[in-house]
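Here the structure of chain A is known, so what remains is to put chain B in place on it, guided by the hints.
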Amino acid sequence: MNFKLKVWRQKDGASPGSFKDYDAKDVPSEASFLEMLDIVNESLAASGEDPIAFDSDCREGICGTCSLVINGIPHGPGKGTTCQLYMRRFADSDTIWIEPFRAAAFPPIKDLVVDRSAFDRIIEAGGYIVVRTGSAPEANSLPVAKHDADLAMEAAACIGCGACVAACPNSAAMLFVSAKVSHLGLLPQGQAERESRVIHMVRKMDELGFGSCRNHYECEAICPAEVSATFMARLNQDYALASAKKVLAV
Amino acid sequence: MSMILDPKIPSGPLEKKWSKHRGESKLVAPNNRPKFDLIVVGSGLAGASAAATLGELGYNVKCFCFQDSPRRAHSIAAQGGINAAKNYQNDGDSVFRLFYDTIKGGDFRSREANVYRLAEISLNIIDQCVAQGVPFAREYGGLLANRSFGGVQVSRTFYARGQTGQQLLLGAYQALQHEIAEGTVKMYPRTEMLDLVLVNGHAKGIVVRNLVTGEINTHAADAVILATGGYGNVFYLSTNAKGCNVTATWRAHKRGALFANPCFTQIHPTCIPVSGPYQAKLTLMSESLRNDGRVWVPKKKGDPRSPDQIPKEERDYYLERKYPAFGNLVPRDIASRNAKEVCDQGRGVGPSGLGVYLDFSDAIQRHGESTIRERYGNLFEMYQNITNENAYKTPMRIYPAVHYTMGGLWVDYNLMTNVPGLHVLGEANFSDHGANRLGASALMQGLSDGYFVIPSTIANYLATQMGKKASTEQPEFKAAENEARCRINRLLSIKGKKTVTTFHRELGLLVWDKCGMARDAQGLQEALQKIPAMRAEFWENVNVLGDGAEFNQALEHAGRVADFLEFAELMCLDALERNESCGGHFRLEFQTKEGEALRDDEHYCHVAAWEYAGPHTRPNLIKESLGFEYVKLSQRSYK
Numbered sequence: 001m002n003f004k005l006k007v008w009r010q011k012d013g014a015s016p017g018s019f020k021d022y023d024a025k026d027v028p029s030e031a032s033f034l035e036m037l038d039i040v041n042e043s044l045a046a047s048g049e050d051p052i053a054f055d056s057d058c059r060e061g062i063c064g065t066c067s068l069v070i071n072g073i074p075h076g077p078g079k080g081t082t083c084q085l086y087m088r089r090f091a092d093s094d095t096i097w098i099e100p101f102r103a104a105a106f107p108p109i110k111d112l113v114v115d116r117s118a119f120d121r122i123i124e125a126g127g128y129i130v131v132r133t134g135s136a137p138e139a140n141s142l143p144v145a146k147h148d149a150d151l152a153m154e155a156a157a158c159i160g161c162g163a164c165v166a167a168c169p170n171s172a173a174m175l176f177v178s179a180k181v182s183h184l185g186l187l188p189q190g191q192a193e194r195e196s197r198v199i200h201m202v203r204k205m206d207e208l209g210f211g212s213c214r215n216h217y218e219c220e221a222i223c224p225a226e227v228s229a230t231f232m233a234r235l236n237q238d239y240a241l242a243s244a245k246k247v248l249a250v
Numbered sequence: 251m252s253m254i255l256d257p258k259i260p261s262g263p264l265e266k267k268w269s270k271h272r273g274e275s276k277l278v279a280p281n282n283r284p285k286f287d288l289i290v291v292g293s294g295l296a297g298a299s300a301a302a303t304l305g306e307l308g309y310n311v312k313c314f315c316f317q318d319s320p321r322r323a324h325s326i327a328a329q330g331g332i333n334a335a336k337n338y339q340n341d342g343d344s345v346f347r348l349f350y351d352t353i354k355g356g357d358f359r360s361r362e363a364n365v366y367r368l369a370e371i372s373l374n375i376i377d378q379c380v381a382q383g384v385p386f387a388r389e390y391g392g393l394l395a396n397r398s399f400g401g402v403q404v405s406r407t408f409y410a411r412g413q414t415g416q417q418l419l420l421g422a423y424q425a426l427q428h429e430i431a432e433g434t435v436k437m438y439p440r441t442e443m444l445d446l447v448l449v450n451g452h453a454k455g456i457v458v459r460n461l462v463t464g465e466i467n468t469h470a471a472d473a474v475i476l477a478t479g480g481y482g483n484v485f486y487l488s489t490n491a492k493g494c495n496v497t498a499t500w501r502a503h504k505r506g507a508l509f510a511n512p513c514f515t516q517i518h519p520t521c522i523p524v525s526g527p528y529q530a531k532l533t534l535m536s537e538s539l540r541n542d543g544r545v546w547v548p549k550k551k552g553d554p555r556s557p558d559q560i561p562k563e564e565r566d567y568y569l570e571r572k573y574p575a576f577g578n579l580v581p582r583d584i585a586s587r588n589a590k591e592v593c594d595q596g597r598g599v600g601p602s603g604l605g606v607y608l609d610f611s612d613a614i615q616r617h618g619e620s621t622i623r624e625r626y627g628n629l630f631e632m633y634q635n636i637t638n639e640n641a642y643k644t645p646m647r648i649y650p651a652v653h654y655t656m657g658g659l660w661v662d663y664n665l666m667t668n669v670p671g672l673h674v675l676g677e678a679n680f681s682d683h684g685a686n687r688l689g690a691s692a693l694m695q696g697l698s699d700g701y702f703v704i705p706s707t708i709a710n711y712l713a714t715q716m717g718k719k720a721s722t723e724q725p726e727f728k729a730a731e732n733e734a735r736c737r738i739n740r741l742l743s744i745k746g747k748k749t750v751t752t753f754h755r756e757l758g759l760l761v762w763d764k765c766g767m768a769r770d771a772q773g774l775q776e777a778l779q780k781i782p783a784m785r786a787e788f789w790e791n792v793n794v795l796g797d798g799a800e801f802n803q804a805l806e807h808a809g810r811v812a813d814f815l816e817f818a819e820l821m822c823l824d825a826l827e828r829n830e831s832c833g834g835h836f837r838l839e840f841q842t843k844e845g846e847a848l849r850d851d852e853h854y855c856h857v858a859a860w861e862y863a864g865p866h867t868r869p870n871l872i873k874e875s876l877g878f879e880y881v882k883l884s885q886r887s888y889k
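Residue numbers (the numbering used here), protein chains in the order written: chain A, 1 to 250; chain B, 251 to 889.
Check before you lean on any hint, since a few could be wrong.
What the hints assert, rightly or not - Straight-line Cα separation of at most 25 Å, SDA-like style, residue types lysine to any residue; simulated pairs:
#, chain 1, residue 1, chain 2, residue 2
1, A, 20, B, 767
2, B, 551, B, 767
3, A, 146, A, 11
4, B, 643, A, 78
5, B, 436, A, 199
6, A, 20, A, 1
Hints in this document: simulated from the structure, not taken from any laboratory.
If we strip away everything but chain A, and leave its shape as in the complex, we get (with noise of 0.2 Å):
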């Protein structure tokens, strides 16, 4: 197969940066799109010139690395992320548009690498439970029910991609903090810290310079991880009955 592709180049943080178009020529269909982007790179290396600066580790949808924005949609057509984006999606000859993801929180480091490290801050901020390691009790002493236990797992299986900003027309990090905050607060264990942790967390991620949400859930609907837009609603009500027990400091 083969593509003309329109790829955001920018040397830096600090340089202005543009779109430059490129081929990408005998692709095979089972290619992954970071291998299609693979395949270009080293065609750009062979003729000199700078290949082309993206994230990826894992590639196998697991590490939240990759963060592309494909045809103006994080992580492009289909659910998951941009790793397990096949070729076979496209039509050949298609035109396809790569950008990073942008959001005023993951400022740019070079080409499609921005640095998210807000994500880091946001949990730092809160986003655990504190247990002194060797001091936990046994494992079995304390029962979880099976519902909140598998909805406790759907909040967590966020890969902190970053996804959810890049969608988000507020570049909001309502999803991602939902979610860490409904996976701790609906496990039994995550009681002592939960009216804290839902204050600072929030706290932080306005701090960063994240939007505020204004429901157009376009978070959900690109989540590789599947994580639901409910988990903010949840967080909505942690944060407002915290804050109000917090204001009549009962």
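Same frame as chain A, now just chain B:
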């Protein structure tokens, strides 16, 4: 003069060794801990759990990873589960049985004391992870669920859907982020270790490159902990993440740390077959699928019929036929070798002929499609996405692929290498899996090393180092930094004709062919001839564009491939020197009448630890003999 290796195994009965050792270990008092600076390289299960726990204890920790966030380390990709001898299923499990299964699964090439400790600690790991909120699968009564994995006859594997590694890593990552917030750990993401710095023979720091700015600098510490994973990407195609590399451990090896059993590599039986030369990585399908999937090939060679057209009696369920006791759940090395054997006989399936069926039709008939979907839904989806085939309707096609490396830097019972101060955890060390790792044991080992072993054993070293602070101003640091800089400049100045990937792929094909699932002396000698030539060509003809003071992925890759080109030679040499078959190391010359691995306990019941001796000199082989007091060495049988 050859050095004597002391594994520092505590005396006394097996089941008392670890508690005795802890009782006798040195301590660093809480008020003194903040005076010690520790470097942890790697943020996977072992690195993140170690950094978090050491920070929590009060040490001053710096943690480095090449990924953009510690949450993305490749532990995240482990699918199936984590073993623990909880015996929640009341099916006869015990610490001893987990120990025994692991020793036997490793084909009697690991240390009894280490493995027993691992089995003991497995209990604490599950407690710790549950308390952190890891959402393990549960029964309707609210208690934890288990499943079976290869090489065992009990259900002791804890799991979180097909994403156990992800959930365990997120638990460790969250603990790490908490310590970062507390200020006990400072995190350096997108930072790669380029070298180890020794001062008076002790590991006292590292040289790193900031992958965003290209800046190279050094960090000093009282001890260095490497948790940098395995070297599977020496084969180019593997189930490892693209960034996985041998650089940290190889650099440490060149600074004096012994590399143990590099030829022990694990080829995982259930991966999606290779589809073409453009391919950049292979995808694993969890071993848990073998709980319900039946492996078969047609009885006839080159049978062109589609699988549904082949009647049951014309199918060879070869694992069930040859190993009735374990059936489809034989250990990985045996499952892989048998797949290769039937494909070599011309009975392989799929376009390349390098594939076998993993068939779920019987399980679907027995349990219903919805149950199978609940158990493996995400895996079936992933399979469909990659191959465009629906495994609910037609059998999966699978083939073995490089997955894990049991070899690694030699460590003693304290997880310290022969270089004082240098400690190694997780897949990066050699210690617990012998010649073959059982499924769901990697996560166990990573977390055991990180949460429970190193936080206790590192004090034995640190207590001897009071008042012996190193500084990056010392000449050793300047010299190492300068060397790293020169090497990068050299890579950039070659401006040859071949890309880094071309070299990596060539090396991978060679070692897969000569040092993969089956090896023989002739092939290994051939590889040992070719690798130095390949390396020489690399240093004359590689083309690395751009410059060093910027984000430069080709340069990162070039440095890693340069190290693989050196490491590959040691791996082949080790495979050549080990004149026996054991676990994942299968030498064609050494097999039983039935084609099983034939060990030579008289001559090879040892750890082969290699000492670097210079660029053009054969490394020295130092042997640590393995004593077995509690298990009887036997021919592994899964029949």
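Verification of the supplied hints:
1. A/20 - B/767: violated (44 Å)
2. B/551 - B/767: Cα-Cα ~22 Å, so holds.
3. A/146 - A/11: violated (50 Å)
4. B/643 - A/78: holds (22 Å)
5. B/436 - A/199: The hint holds at about 24 Å.
6. A/20 - A/1: Within the cut-off at roughly 20 Å; holds.
Hint compliance for this structure: hints 1 and 3 are not met, and every other hint is.
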